[in-house]
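Work from the hints to combine the two standalone chains into their complex.
The lines below spell out each chain.
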Amino acid sequence: MNNKAASSKQTPAVRQQPQAAATASQNRTPQPIIQNMARVTDPKHVPKEIRDQFLKKIHFCSQPYDFNDDTKNVKEKQERSQYLQELFDLLKEPNFVVNLVVPHLDLIIEMIEKNIFRPLPILKKTATNGEIGMEDDDQLIDPAWTHLQPVYEYFLQLIVNEQPDVKSLKIFITHSFIQEFLELFDSEEPREREYLKNILHRLYAKLVPRRKMIRKAINDCFYTLIHETYKFNGAAELLDILASIISGFAVPLREEHVIFFKTVIIPLHKVQTCQFYHEQLLRCSMLFLSKDPTLATFLVEGLLRYWPFANSAKEVMFLNELLEVLEVCEISKLEPLIPKLFKRLIKCIAGPHLQVADRAMCFFENDYFLTILKSYKPFTFPLLVPVIAQIADTHWHKVLQESLNALKTILKEIDYQAFDKALNNKDPKYLYIIQDAKNQKKDRQKIEEKWKNLTKQAIQKNPNFKEPIVPYSDTHIVGEHNGLNNGNITIL
Amino acid sequence: MSENPFEVFKEDMENEEVYLRVNAIHRVRIICTLIGIDQIKSQLIPYLDSLLNKDEDEVLFAMAEELGNIAEIIPNQSSCLLNLLEKLTTFDETLVREQAVKSISIICQFLSDLEIVNVIVPMWLRLAQNDTYFTCRISAINLMSPIYARAGTQKDIMRLQFFELCKEEALMVRRAVASKIGEIAQYMEKSHVIGELLQAVKELCHDEQDSVRLLCSESLMRITQILNYNEIKAFILPLIILQAEDKSWKVRMALAQIFADLAIAVGKDIADNQLLPICLNLLKDTQSDVRVMGVKSLLKFIKFISPEKLNLIVPNLQILSEDSFSQVKQNVCEVIGLIANLLPKEYCQNKLQKCLFDLMSDENTEVRRNAIKSVGIFVMAIGFEQLNQFIPYLKKSMYDPKWRVRKETIQTIIQLALQVKQLDTFTQQLEEAFLLFLRDRAAEVRSTGLSQLSELISVYKQEWALSNFLQKCVEILEKDNGCFFRINALYAIQQISFAVENYQVEQRLWPIVQKYLKDPIPNIRFVSLKVAKSLLKKIENQDVLIQIKQSINEMLDDPDRDVKFYVQEALQY
Chain A
2 MNNKAASSKQ TPAVRQQPQA AATASQNRTP QPIIQNMARV TDPKHVPKEI
52 RDQFLKKIHF CSQPYDFNDD TKNVKEKQER SQYLQELFDL LKEPNFVVNL
102 VVPHLDLIIE MIEKNIFRPL PILKKTATNG EIGMEDDDQL IDPAWTHLQP
152 VYEYFLQLIV NEQPDVKSLK IFITHSFIQE FLELFDSEEP REREYLKNIL
202 HRLYAKLVPR RKMIRKAIND CFYTLIHETY KFNGAAELLD ILASIISGFA
252 VPLREEHVIF FKTVIIPLHK VQTCQFYHEQ LLRCSMLFLS KDPTLATFLV
302 EGLLRYWPFA NSAKEVMFLN ELLEVLEVCE ISKLEPLIPK LFKRLIKCIA
352 GPHLQVADRA MCFFENDYFL TILKSYKPFT FPLLVPVIAQ IADTHWHKVL
402 QESLNALKTI LKEIDYQAFD KALNNKDPKY LYIIQDAKNQ KKDRQKIEEK
452 WKNLTKQAIQ KNPNFKEPIV PYSDTHIVGE HNGLNNGNIT IL
Chain B
78 MSENPFEVFK EDMENEEVYL RVNAIHRVRI ICTLIGIDQI KSQLIPYLDS
128 LLNKDEDEVL FAMAEELGNI AEIIPNQSSC LLNLLEKLTT FDETLVREQA
178 VKSISIICQF LSDLEIVNVI VPMWLRLAQN DTYFTCRISA INLMSPIYAR
228 AGTQKDIMRL QFFELCKEEA LMVRRAVASK IGEIAQYMEK SHVIGELLQA
278 VKELCHDEQD SVRLLCSESL MRITQILNYN EIKAFILPLI ILQAEDKSWK
328 VRMALAQIFA DLAIAVGKDI ADNQLLPICL NLLKDTQSDV RVMGVKSLLK
378 FIKFISPEKL NLIVPNLQIL SEDSFSQVKQ NVCEVIGLIA NLLPKEYCQN
428 KLQKCLFDLM SDENTEVRRN AIKSVGIFVM AIGFEQLNQF IPYLKKSMYD
478 PKWRVRKETI QTIIQLALQV KQLDTFTQQL EEAFLLFLRD RAAEVRSTGL
528 SQLSELISVY KQEWALSNFL QKCVEILEKD NGCFFRINAL YAIQQISFAV
578 ENYQVEQRLW PIVQKYLKDP IPNIRFVSLK VAKSLLKKIE NQDVLIQIKQ
628 SINEMLDDPD RDVKFYVQEA LQY
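Here the protein sequences line up with chains A and B, keeping their order.
If you want the numbering used here, it's the position in the first sequence, counting the first as 1, plus 1.
If you want the numbering used here, it's the position in the second sequence, counting the first as 1, plus 77.
Okay, chain B solo, but in the shape it has when bound (with noise of 0.2 Å):
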């Protein structure tokens, strides 16, 4: 029982599997709650930086991380972890570094300002002086935001330093800068953001380097969020502008992926007046990947445009709708959706509803599937009136070749159909279409079209249900000679017997599924046998319920196995 702690953890620190040692690592915790703080100090800390030199980088990620750890075990003494964690900033493994970073950022909340200023900051200043290694002043920058505001005196020397590292000529340096500025200048005084900080970042956004000036676009969008409407017009927006037009379209594509952040944190005015314009470019880029991501903004940043300047996106859907990349398409399908709900009715028919019949027609499978996810929410929005426009196209994609297009048909004859209401409707436009699913070759859209079958016999009653419905399942048990055609009819007259009243259980649905109990599949036979057996719940006729249990008595001596098992299961009741 009495293990010297420390001992053990040494015993499996020399072991020879780095995933063993990795793991010994992440107990340290458990030897440091045992030891106490002093001997924390004589030996652990000596250990741990033996292991510095020669161990592997994911155990020295393992230690970056339980350092932080540590440190809310001891936090009045966590100071003293500091000198191992700053020898870890200045490895050569990003992930090392980043983690180490983080354990001084959670050693920084235990420490008081005084000790930030005579501990902390020297140490960031050590390690952005570093001109050996690049790695300890991209260090440094990630750790500017935690220190900076609480360095009190020696904030002027942090920001003067800082300042100094947005010129590096390091190219790795001034990306880490482009990265972190926004997220600085959160904790930096207003009067230096717009003073010094703004210059930075706008030398940034002028940066020769494409891969500098790309990381700009979200440190961009966080600076705004400190700014006010005036600021944002006269320091954010040339810079906005300036990215849009820029020659490479990695950073175009950058400014695409977070305009409707952008669009967040600029305010809806600014966003109405000046993006649109700016969005309205990005769509019409030369680059599909632009494209692709300035449609994607579309759809959250389509809430901060005016209604009456909608209609300035309505061309370039019309166009984009055409794009000869799929990836666009597949998006525009989902803003001609969320746009319809925002246009006037008749304006949106007139423009649009040619796109979606178009897109419907792709030859590429996901805009198709897109595409007629749109069509539900696009008719709800123009009104049913115009459905039967649309019926032929959903017809058609009901035969399409991919399993995956028809179940998203299904669904969406489905949702229309729930929504429609009107019986007249229903039968005269709908119904074709969707008895369709009856006979699809993938089980997925039998299924899908089964699985919404209650919801929609309680819209359109028991007399559609035992008529029109009723009549198709009975045809396909008849005549198919599919039998899993047949299994899925035997599965929809199980649905509608939930739906309808008793007594049209017994007389209608029962004659039905007793024909099938000898059936000459075995499949049909134990599946009528299910199905009988949920019957028996909603028949009270005492004649009907004993000549149900005659039949599957008579069963009891049926050749298969599997019919054998589920005769047994039912008789169980």
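Pulled out of the complex, with its shape left as it was, chain A reads as follows (with noise of 0.2 Å):
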């Protein structure tokens, strides 16, 4: 009861305030522009002082505050979020969008810039350092947000709206706005990311002779994300916007384009926050393949590449992009590449991890895969067939288990002949991912042995001859720190 009696009374004070606040800015500015437009009989010749009002109210929304402190400058920020609204719904009216906002576009755009163009904050969780395992997942909120949503609200209308024409905006969105533009879409407030989309988004429609410079930037994003930070809150947004611009490309592509998709699209792929974007960059790729289904190739490749380590979500997301991308290939451009797409296949059928294992076994539905095995049957069979009637037989899960004996069953319907050949034959080389450890090291140390005699030899040759040291060892830290020191892999 107490707490409510309290309560209920300080709420009218609280109230108050706000309203002193309008009426003391009523007082100032008596009444909306909008109002005083609408009485304006010919729209051509706006009167010196509503002219002036509105752009007195511009340059006053074109003043800093720190957004991040609520206590402070509280009047000014209520006046400047009242203006906004009044800017905002001037944008309604075409006649007064032609007659005062477009002749004033200069102005506006340097007051949006000096709202948005701003030093990204770094949103902490809280305050306080927080006590070893103590994880909060709460989304970080940028305290600033309420007050620039309405600066890109009235942003996006302006761009939207049909009066402003092309060659009136085109003089202000020049190669360091974008540049600058682009640096935001690093927020991590995810709602200042969106209205940056769709920004964007409608910047690169409308204003159909900065594209390319449009495009060249969000370029220059990537190259840093994929070689300096590998780490960019918006590339999943500009994947977005990237799907829409590649979807419209001519075919065939420009050899521009091609050069993006090579030294963008595929090495996106390599970034430790892939996750992060993977579902927009697989959308783009698949874009670029159909429109030109010769670059798959060069996809499988890259991906075989850029294969993730120890990482096994990351691995099932780039199994499922490679079934897809195989169905694009053509068959026959395939053949440099069968062996590694093969070995790294059945890596993953007989590795550790069994979702990974899982995803893998699901390739051997798809016909199209199967023909691509059919084709290349004399590299494949030899291959996978010992492997997998071997794990068919010892694999520890009993689903996975059943699948590799599906799997079998359909090797051997594919072609009996072969099948059997390659049982009987069982080439080691291929064999070594099931080998066990004991055996593996054994043939390992035969080498190892070979390089010692000319390690020797190398110093008699030369007795300044400084020995080699191999970072992949048992006693080495690089082994170590991999956790390769597990006994499930030979080093030695």
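To be clear, the hints were calculated from the coordinates, so they are not data collected in a lab.
Some clues are possibly wrong.
Stated by the list, open to error - Below, a list of computed lysine-lysine pairs in the PhoX-like style, where the Cα atoms sit at most 20 Å apart:
(1) B:Lys244 - A:Lys217
(2) B:Lys131 - A:Lys344
(3) A:Lys217 - A:Lys263
(4) A:Lys443 - A:Lys427
(5) B:Lys592 - B:Lys626
(6) B:Lys131 - A:Lys334
(7) B:Lys131 - A:Lys263
(8) B:Lys131 - A:Lys341
(9) A:Lys292 - A:Lys263
(10) B:Lys614 - B:Lys626
(11) B:Lys327 - A:Lys232
(12) A:Lys207 - A:Lys168
(13) B:Lys267 - B:Lys310
(14) A:Lys271 - A:Lys232
(15) B:Lys131 - A:Lys271
(16) A:Lys115 - A:Lys171
(17) A:Lys115 - B:Lys324
(18) B:Lys87 - A:Lys341
(19) B:Lys345 - B:Lys310
(20) B:Lys595 - B:Lys626
(21) A:Lys453 - B:Lys87
(22) B:Lys87 - A:Lys451
(23) B:Lys87 - A:Lys447
(24) A:Lys457 - B:Lys87
(25) A:Lys378 - A:Lys427
(26) A:Lys115 - A:Lys45
(27) A:Lys115 - B:Lys327
(28) B:Lys164 - B:Lys118
(29) B:Lys592 - B:Lys641
(30) B:Lys361 - A:Lys73
(31) A:Lys263 - B:Lys164
All values reported here derive from a predicted model rather than from experimental measurement.
Structure follows, in structure tokens:
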């Protein structure tokens, strides 16, 4: 009861404040511009006082305030959001846009720039360093967002509006504008990125003469992600935009776009944070392939080259993508990649991670993939059959064992003779995947012995010879670091 | 025995596992030593070349590294490796490129100036002028400093090309320039540095991208090293001010990070007069990360500030000690300790003592810990007359819920006690807080308290150890029901025994220990046993010796296995 009484007492006091502020601001500007404008009979000649009022409000909105601290400049911030609303309302009337907004686009864009181009803050979860083991999955929220959102909304509507034509907008959308705009995509605030995406999308659609420049700037953004920072919060959003850009590309693709595919789309797969944008990346890749199927082999090559290490979630993603891409590939073009492809698949099947193995098994349910397998029978059978046959008997997981047995049957059905032949002539080169660690170590020892001999000879020949340090060995930090000395992998 | 070395290498390179191929590549110098230069040229290099397009980045990275090592084996012929390395510098993967650049620099050492001019410079120009791949141009920038100094007649062309790269449109290239230009300045003639390079730096500092501007900080610092007083004032200072006022906090943070090094580079005079106001502004920055870096740099920067200007810092420290961000406060603690030694005692006490008290009661563990660390230094600086004001806070800290704080406190108390060297002050003020360690919940705190006990006894003599302190230990042994506290008390007695005279051990300590050889708790029994064993060394009186041995012998039938083990061990003497 007491609490209620206290709170009801407080509310009127709180309520009074904004009212007071509102009346204060109304005293200064008796009526919103929109009402004044409505009274103007000849829209082509806006009276000077209305124009001045308009400019004053734009100027006011360009002032920077500390939006992270709600206690500072409360009055000004309120006034500012009221003005922004007025400016926003003006956009609804084409007449006003033509006569008031378009002539002052320079100031308006400047106002937008001053508001949104800011060094991005680091959003901190809480002020105190949490104790170990404390984890909170709260979404990070920029305290300034409530003040930024109206500006973004205004910008978006300005672009969407049909009145400002390409010619007048074009002047302001410069190279440096786009670059600064793209940097904002790194924002941790998801709602901000959503606005950025929509605005950039519209800009690209509207400003045909600026398209090349925008594409180039996006390129730079991705280069930075691939080569320097390895993390960019807005990658997914940018790829979303790219997807619609790509779908607009004319066929046959220009060389510039093919280079983009090879130097950006493919290397994007190797970035550590690939998981965050893989869905969008896959869509872009597939769009490219729909325009030019010959690119598929390059993508397969890239996927095999950048195959994830010690990251099974990413491996599953790669397997999904690989299967989709293979379906687009021309079988004859795949020839140089066949060994690498099938070795990778069999490694996944025989590997320790169940989901990865399961995903890799799905390949064999795909007809086109089976056609590939059949076309390269002389290579694929000797590789697959002995390994599949052995793990079909020994696999630790029942469901997977069943599907392995089913696969065995499929292979047998494809070519009974080749199957038997492969099973009888086990090529030791391929069996190493399922060989037990002891035997493997023995084989390795033989080669190591040779190296030791050669080292001795080298020392004899040159007394100053410095023995090489190999990074992967039982005792060396790299091996230990990567968990390679767990007995499953042979290291000497 | 007569294996063909090259075949062994090739066989290993066919291996399925990447890590084994990496190992094999690292062994290629064995092959090179054995097969000789002709075969290197005719077989090995073409083979490595064939790997370039099919092997994985990890293998190529190893190759880039090993090519530098091969160069050391065939120094006179090393230019035959350049073709491979040039290809590697154009690769997509940053690590491979950078490693290839390193190996090319190694080869440059073996080449004559003529070869540099005729072979390396043309290669450099090819990389710098490659319009298709920006990766080549970045490699060219990285290669600039090792080559330029020896480029002879080609210097002008290289320089021109380099300044072209400074104006590059591609963001990545400009960033590479921004981070390397400081190093390149070291190799360029000073007239060109002042004439052209500084202009390029200025443009980079005004770059529209903050990612470029922030890389300039370190380069500015490097360039400063080769300029004189007037040049620094004229060219560098305006740029530093520009960076300090940058709208992007990342740039300001980059500056704050290297601020102390910058101070070293510009020299004491400029640091004291011109950099100090900038430093103070960084400490007031709106972004907490800039403040953290600013305070960290202040630790080193402080020694450049002349004594009469130190008091400019103090108000800032007062504000920072109430910062909303705990990392700032952590570092402020250290600065307060440091500055206490530099300021006049009274001034320091008036201005900073309160801050330190507040920091000791901060809600963040690390802040409290650092504050307590600084208290020790602070008190020594302002004099022990003021110690009594700190005692309530030290006592409070000994009851801190976090053991790390308590550990720091006991260390500080011991440090202070060792410095005071006056028994009165010690017993009246510090002792009560000190003794709290005996009953601390954390083993780490208890053992820290014990660790310097013998030093403490050597300062306050056995009179103290055998009266107050021993009494407290006995009290714990008798009354306490926590076995770990009692064990700790026994170890304390052991420590006392090291510091006191022998007859005291016989008369005062042994009877106590003897009593606990028969304690109902086995752990107490065997710890007593261990202590008794160590007492043996200090005892001369034969009667007591026999008494001890007898007591130990009596324990042979102890029902506890561990106790028995220690008895047997003791009897082996």
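Open item on the list: Need the list of violated hint numbers for this structure, in ascending order.
Closed with: 26
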